[in-house]
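J.: Can you build the whole structure from these sequences, using the hints too?
One line per chain: the protein sequences are B and X, in this order. Position one of the first sequence corresponds to residue 5 (my numbering), numbered consecutively onward. Position one of the second sequence corresponds to residue 7 (my numbering), numbered consecutively onward.
Hints should not be assumed to be uniformly reliable.
[Said to hold, decoys possible] Below, computed lysine-lysine pairings styled on DSS-like, alpha-carbon distance capped at 27 Å:
#, chain 1, residue 1, chain 2, residue 2
1, X, Lys13, B, Lys30
2, B, Lys48, X, Lys16
3, B, Lys197, B, Lys111
4, B, Lys8, X, Lys13
5, X, Lys16, B, Lys111
6, X, Lys89, B, Lys8
7, X, Lys89, B, Lys64
[Stated by the list, open to error] A short list of chain B residues far from chain X (calculated; beta carbon distances all over 10 Å):
#, residue
8, Leu6
9, Gly13
10, Gln32
11, Asn216
12, Pro254
Everything labelled a hint here was simulated from the structure, so no lab data went into it. C-beta: ideal position from N, C-alpha, C; glycine also.
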Amino acid sequence: MLQKCGFYGADAVILDLEDSVSEEEKKQARYLVDEALGSGVVSKSDVVVRINSFHSPFWKSDLEMALSHQIAAVKIPKVQNTHEMKEICNLVLELERINNTPLGTTKIIPTIENAMGVMRLPEICEVGSERIPCISFGSEDFMTQTNISRSKLVIVKTQIVTVAKAFGKDVIDSVFPDFHDLEALRRECFEAKSIGISGKSAIHPDQIWVINEVFSPSSDEIKHAKKILELSKQNKDGAFQYNGQMIDKPIVERCRRILQLSGDKVE
Amino acid sequence: MAVTCGKNRKGDISLTIENIDSNDIEIIVESKYEDLFGKHIRELLRSLATEYELSGIRVTAIDMGAWDYTIRARFKACVDMLKSRCES
Chain B
5 MLQKCGFYGA
15 DAVILDLEDS
25 VSEEEKKQAR
35 YLVDEALGSG
45 VVSKSDVVVR
55 INSFHSPFWK
65 SDLEMALSHQ
75 IAAVKIPKVQ
85 NTHEMKEICN
95 LVLELERINN
105 TPLGTTKIIP
115 TIENAMGVMR
125 LPEICEVGSE
135 RIPCISFGSE
145 DFMTQTNISR
155 SKLVIVKTQI
165 VTVAKAFGKD
175 VIDSVFPDFH
185 DLEALRRECF
195 EAKSIGISGK
205 SAIHPDQIWV
215 INEVFSPSSD
225 EIKHAKKILE
235 LSKQNKDGAF
245 QYNGQMIDKP
255 IVERCRRILQ
265 LSGDKVE
Chain X
7 MAVTCGKNRK
17 GDISLTIENI
27 DSNDIEIIVE
37 SKYEDLFGKH
47 IRELLRSLAT
57 EYELSGIRVT
67 AIDMGAWDYT
77 IRARFKACVD
87 MLKSRCES
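T.: This is the structure in structure tokens:
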């Protein structure tokens with residue numbers, strides 16, 4: 005099935021060794037991912053491997069396998085303190101040396117899935133530093149631990165976004181498990197986008213187009229952003245008016261980000 | 007002694023490796039895609055047996071459309087299980 009995963013338009017494909025794999029099949033799954041990555045059926049530059057958590061006996065072997073391939077990133081589930089983040093970073097550095105990978109280039113995506121992870125997120129971001137392109141949120145485990153309902157998760161997600169942004173990191177939202185209900189998925193995507201979340205994980209290929217549609221800038225947004233950037237070049241004095249609205253530096257910066265997201269060349 | 011890895015599900019292959027009395031490598035393949043890939047699967051299984059220096063075995067494969075990387079991964083897992091059974 006892995007050979008098909010590149011065709012659905014996702015920005016990246018997560019090959020999972022964690023919760024979707026039973027304890028008895030962990031090794032078989034690792035071999036499968038290893039052989040798939042080695043065979044070239046998936047584009048490694050788009051692949052993220054979700055290894056098992058630091059608190060399992062599998063994480064080291066998973067990491068060793070994953071980093072023997074030049075993948076986009078490793079996703080670490082249930083990160084909750086700096087000790088595990090340090091241990092993971094140490095092994096990543098060691099594996100970069102072994103595999104002749106440029107030091108410091110391996111990307112790590114910590115997933116926050118429990119209350120302690122939220123509490124310790126600033127320290128986790130500090131320890132992971134440049135290796136962390138984004139923070140991922142895992143809602144199912146979080147809800148299980150905290151009894152916070154899905155409809156109230158927005159509070160926690162906002163907290164995560166605030167901390168992550170303080171460290172210059174994006175946040176990727178958790179999966180929406182009911183893959184038949186695309187309208188509910190769309191609502192959750194809009195809500196996530198409104199609190200500064202940059203993207204969302206999909207659990208089923210049918211969800212990808214909805215997620216892309218919501219999180220990608222619309223043609224109107226792109227048109228507007230281009231106009232603002234054009235006007236900002238002409239107005240060297242700082243703030244200016246456009247369509248009855250004051251446009252100043254933060255708005256210009258947001259427009260620049262929209263164009264970056266859209267893949268447009270931004271000067 | 008026999009070990010099995012993989013499942014009877016689309017895109018997978020169920021591989022069973024068991025010891026036999028002779029030094030041969032017996033390969034039995036049952037595949038929905040026998041006409042297209044039967045020969046290739048047999049050759050791949052035989053080459054894997056050679057790669058892992060196995061003999062005196064029967065490999066029974068029930069193929070559900072597995073690609074080579076899956077067959078390799080399942081074979082490796084079987085060899086692992088055989089080794090750990092031998093050691094215990």
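J.: Each of the hints needs a verdict: does it hold here or not?
T.: Okay, the hints, checked on the actual structure:
{"no.": "1", "hint": "X:Lys13 to B:Lys30", "in the structure": "holds (14 Å)"}
{"no.": "2", "hint": "B:Lys48 to X:Lys16", "in the structure": "holds (24 Å)"}
{"no.": "3", "hint": "B:Lys197 to B:Lys111", "in the structure": "holds (23 Å)"}
{"no.": "4", "hint": "B:Lys8 to X:Lys13", "in the structure": "holds (19 Å)"}
{"no.": "5", "hint": "X:Lys16 to B:Lys111", "in the structure": "violated (33 Å)"}
{"no.": "6", "hint": "X:Lys89 to B:Lys8", "in the structure": "violated (33 Å)"}
{"no.": "7", "hint": "X:Lys89 to B:Lys64", "in the structure": "holds (21 Å)"}
{"no.": "8", "hint": "Leu6", "in the structure": "violated (8 Å)"}
{"no.": "9", "hint": "Gly13", "in the structure": "holds (21 Å)"}
{"no.": "10", "hint": "Gln32", "in the structure": "violated (4 Å)"}
{"no.": "11", "hint": "Asn216", "in the structure": "holds (25 Å)"}
{"no.": "12", "hint": "Pro254", "in the structure": "holds (49 Å)"}
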